[in-house]
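Chains as they are written, first to last, in UniProt numbering: chain A, 1 to 293; chain B, 1 to 262; chain C, 1 to 265.
These aren't lab readings, by the way, just hints derived from the structure by calculation. A hint or two may mislead.
What the hints assert, rightly or not - Here are the simulated EDC-like cross-link-like pairs (lysine to aspartate or glutamate), alpha carbons at most 20 Å apart as the crow flies:
no.	chain 1	residue 1	chain 2	residue 2
1	B	118	C	82
2	B	72	B	238
3	B	126	C	84
4	C	258	B	190
5	B	130	C	107
6	A	269	A	202
7	C	258	B	106
8	B	72	B	221
9	B	126	C	40
10	B	130	C	40
11	C	122	C	83
12	A	253	B	106
13	C	140	B	134
Claimed, not checked - Estimated spans, in silico, between C-beta atoms of each pair:
no.	chain 1	residue 1	chain 2	residue 2	range
14	C	67	B	202	18 to 26 Å
15	A	147	B	222	18 to 26 Å
16	A	262	B	103	20 to 28 Å
17	A	262	B	108	23 to 31 Å
18	A	10	C	120	32 to 40 Å
19	B	108	A	269	44 to 52 Å
20	C	139	A	145	50 to 58 Å
21	B	103	A	29	34 to 42 Å
22	A	152	C	187	49 to 57 Å
23	C	111	A	209	53 to 61 Å
24	C	118	A	269	43 to 51 Å
Beta carbons: idealized from backbone N, C-alpha and C, even for Gly.
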Amino acid sequence: MTSIGTGYDLQNSVFSPDGRNFQVEYAVKAVENGGTCVGIRCKDGVVLAVEKIITSKLLKPGANKKIATVDRNVGIVSSGLIPDGRHFVSRARDEAASWRSTYKAPIPLAALAGRLGGYVQAYTLYSSVRPFGVTAIVGGWDSAGALGVDGQVGSGPSAGAGGKIPGAKAGGPALYMIEPSGSYWGYYGAATGKGRQTAKSELEKLGLASGNLSLEAGVKEAARIIYVAHEDSKDKEFELEMSWISSMDGPTKGRHQEVPKDMLEEAEKLAKTALEGEDEEETTAPEGETMEE
Amino acid sequence: MNHLPQAWGRPRDDVYGPYDASYLQSRLPQTHTQSPIVTGTSVLAVKFKDGVVIAADNLASYGSLARFTDVKRLRPFNSKSIVGIGGDVSDMQYLDRLLNSLDVTENYSSTGHSLNAKNLHTYLSKVMYKRRSDINPLWNQMLVAGLDGNDEPFLSSVDLLGTTFSSPTLATGFGAHLAQPLLRKVADDESKVADITRERAVEAVKECMKVLFYRDARSLDRYSIAVVTKEGGLELKEDEQLEGQSWAFAETIRGYGRTQEA
Amino acid sequence: MASLFSSNPTLASNPSYLFSQAPHNLAAGNKEHGFYPYTDNGGSTLGITGNDFAIIAGDTRSTSGYSINTRYSPKVFRIGGDDETGEGAHIILSVVGYAADGTALKERLNAIVKMYKYQHGKKMTVKACAQRLATILYGKRFFPYYVTAILGGLDEDGKGALYSYDPVGSYEREQCRAAGAAASLIMPFLDNQVNFKNQYLPGTGVGHDLQARQTEPLPLHEVEQLVRDAFTSATERHIEVGDGLQMFVVTKGGIEEKYFPLKRD
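Could you build the full structure based on these sequences and the hints that come with them?
Below you can see the structure in the form of structure tokens.
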């Protein structure tokens with residue numbers, strides 16, 4: 001950051017001579033210290049997981065959720081400034097509700113990510129505001145079958161014009177990550193927060209692009225990755241929070257829900273044993289901070 | 001020419017005098033529903049020992065025309081309660097979307113407790129009363145069935161005027177005249193509810209659906225029926241056929257062109 | 001609407017368009033509003049006070065026209081108590097007429113009386129509550145709560161207090177009052193039995209010399225029996241009255257609720 005002190009970093013929306021918006025880069029710094037968040041797009045659903053650092057022993061375990069539900073089929077988890085994350089979620093809920101009132105159908109994940117990206121981006125354009133101090137992972141399931149419009153009371157023609165096409169498939173799992181600049185991409189696996197580098201390299205090993213990982217296996221992997229990524233800040237205690245979304249005929253019936261307690265505990269147990277095994281092999285040297293994209 | 005765009009295209013003040021802006025009606029008078037258009041008929045419900053049974057036929061009428069024959073008038077809410085809706089179908093669809101959005105916002109937090117049928121009825125009655133007070137009513141009468149906060153059977157009604165009442169048996173529309181007296185034979189008092197089995201309640205409701213089909217010209221023999229219990233949750237069947245119909249009595253009808261024995 | 005203004009006015013004094021000449025193909029006359037925002041749910045209420053108590057009673061039938069909605073729909077409520085149990089309440093209110101307005105009115109007054117307690121740390125007096133209720137009703141003067149309300153409790157001296165209202169907030173403190181569908185049946189009975197109207201002392205003379213029987217506060221058990229008689233009689237003669245009688249008795253010991261079945265025909 002050679003340009004620090006030149007004055008171009010003191011105001012939002014102002015470019016430095018080499019074309020950077022420093023306020024956005026500082027916002028990214030806020031994210032880099034947040035709890036690690038992971039999202040995995042599996043073949044039959046999406047998993048979201050977050051490492052919740054316990055900042056006080058007086059906090060009630062299991063309370064103060066960090067993963068939020070936006071619409072029935074959408075969940076958001078974010079790293080960075082928590083109040084910024086809350087506001088971001090609130091905006092996402094408004095967008096989802098507004099889409100529903102216009103189109104009488106749930107918002108497609110691509111559209112939601114687009115609107116949220118646009119919203120975040122707007123906070124880089126004005127000197128009167130600061131950029132969002134969060135990177136958010138948005139996960140969801142776009143209905144695969146033809147969905148009735150909200151408030152529909154009949155079943156429509158069973159055949160012929162206006163009838164449904166049997167076996168037609170669309171939608172599926174979706175995972176997006178939105179950064180403080182407003183840029184957003186669709187991912188097979190996404191990670192943000194303090195342990196993102198470790199998490200990303202672990203995600204890459206999963207071979208997600210081949211689309212073979214099942215949702216159940218994804219839950220276990222997400223838990224393991226959070227535990228692995230936590231190794232660098234071992235001195236701090238943390239709590240694992242996870243949610244998942246499956247298709248209509250999967251375990252969550254197309255809804256974004258918390259991962260059931262017994263399943264979460266099972267995944268945590270596996271994650272811990274996996275870590276112990278790794279320690280014995282003594283292979284993983286702590287990775288240094290490499291260049292960010 | 002005046003540089004203000006607002007003045008462009010308008011008669012010049014210096015020639016015609018100032019424009020009388022009062023002629024510019026910015027909006028038409030607001031209009032509200034004056035009468036229902038596409039309508040659903042009766043909804044019936046009976047409380048029993050450990051739950052509630054509710055039924056409504058699948059017809060939406062356009063005046064005397066049987067317009068839509070696959071209309072689901074029992075709308076489930078968060079898999080624990082159900083609302084049976086009679087009256088205007090478009091208002092019913094609005095209410096369904098309203099309940100849908102309520103369900104979405106209720107699931108923002110996963111605190112473990114969710115709205116029960118009693119809460120739902122209170123919510124709907126406030127919606128209905130507010131709309132009638134705005135002289136913009138939702139033209140419906142609804143029965144809310146499910147379980148209350150103590151997991152006891154709950155059944156209550158609310159209509160377009162915001163009037164609410166509760167009873168062991170309820171029926172809306174034509175059913176209030178034809179079915180309710182028959183249902184009251186099954187349970188005329190809250191204290192009797194504990195003696196009624198699920199089978200008895202379902203049988204009574206089905207029998208009443210049949211009576212209504214015989215005598216209500218705006219009814220259909222395809223219907224939806226739901227049972228809510230603590231154990232079984234919400235069991236909803238949306239495409240049932242009225243069984244055991246007998247039109248033998250039609251033979252005895254005289255008049256309307258049929259004057260003597262066939 | 002746009003075409004209305006597109007015609008070219010040649011002279012300001014001679015407009016080419018007049019609203020009175022507007023071509024209208026609408027049916028002549030005003031269309032009547034299709035929605036009437038009120039209904040009558042029948043039933044009757046009645047309140048009587050004694051020296052150290054107040055009673056308000058109401059039948060529990062709710063009707064729509066000739067139909068009975070339900071046989072148990074309370075018209076008398078505790079005001080200022082706990083939401084579920086009514087515990088801690090010291091005022092009672094009855095509402096008869098349009099039940100939805102009655103519920104709304106009850107809930108408003110209840111919230112106000114509770115807020116009063118939280119804000120001032122003391123219970124609202126029945127007198128203050130009575131005035132407040134009048135204000136609420138009058139505030140909706142041009143879209144009234146279509147109900148006849150009766151408010152009861154004990155006044156600052158511990159004497160029974162009863163206030164009766166019209167739908168727009170006109171009110172007065174009384175010894176007794178009947179309201180609702182069978183008010184015209186019950187009220188004369190009350191005049192005679194509570195205020196001893198048309199009762200004269202035998203042997204005190206003829207015509208104007210006859211001495212009226214002096215009123216005296218009635219004991220609780222007598223009043224209770226009067227109320228029950230009033231409702232059994234009203235049930236006989238009025239189709240909208242019946243099913244059950246709910247009675248609230250306020251004494252310095254608190255509020256007691258009683259229920260007696262009435263004929264259900």
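Hint check:
1. 118/B x 82/C: 18 Å, holds
2. 72/B x 238/B: 7 Å, holds
3. 126/B x 84/C: Holds: residue 126/B and residue 84/C sit about 18 Å apart, inside 20 Å.
4. 258/C x 190/B: The hint holds at about 17 Å.
5. 130/B x 107/C: Distance of about 14 Å is within 20 Å: holds.
6. 269/A x 202/A: 18 Å, holds
7. 258/C x 106/B: 39 Å, violated
8. 72/B x 221/B: At roughly 13 Å apart (the allowed maximum being 20 Å), residue 221/B and residue 72/B satisfy the hint.
9. 126/B x 40/C: Distance ~19 Å between residue 126/B and residue 40/C Cα, so the pair holds.
10. 130/B x 40/C: Measuring from Cα to Cα gives roughly 18 Å; hence the hint holds.
11. 122/C x 83/C: 18 Å, holds
12. 253/A x 106/B: 17 Å, holds
13. 140/C x 134/B: Roughly 13 Å between the alpha carbons, so the hint for residue 140/C and residue 134/B holds.
14. 67/C x 202/B: 18 to 26 Å: 24 Å, holds
15. 147/A x 222/B: 18 to 26 Å: 24 Å, holds
16. 262/A x 103/B: 20 to 28 Å: Check passed, 26 Å falls within 20 to 28 Å.
17. 262/A x 108/B: 23 to 31 Å: 24 Å, holds
18. 10/A x 120/C: 32 to 40 Å: 53 Å, violated
19. 108/B x 269/A: 44 to 52 Å: For residue 269/A against residue 108/B, whose Cβ atoms are near 30 Å apart, the range 44 to 52 Å is violated.
20. 139/C x 145/A: 50 to 58 Å: 53 Å, holds
21. 103/B x 29/A: 34 to 42 Å: At 39 Å between Cβs, range holds.
22. 152/A x 187/C: 49 to 57 Å: For residue 187/C against residue 152/A, whose Cβ atoms are near 55 Å apart, the range 49 to 57 Å holds.
23. 111/C x 209/A: 53 to 61 Å: At 59 Å between Cβs, range holds.
24. 118/C x 269/A: 43 to 51 Å: Because 50 Å falls inside the window, the suggested range holds.
Checked against the numbered hints given earlier, this structure breaks hints 7, 18 and 19; the rest are met.
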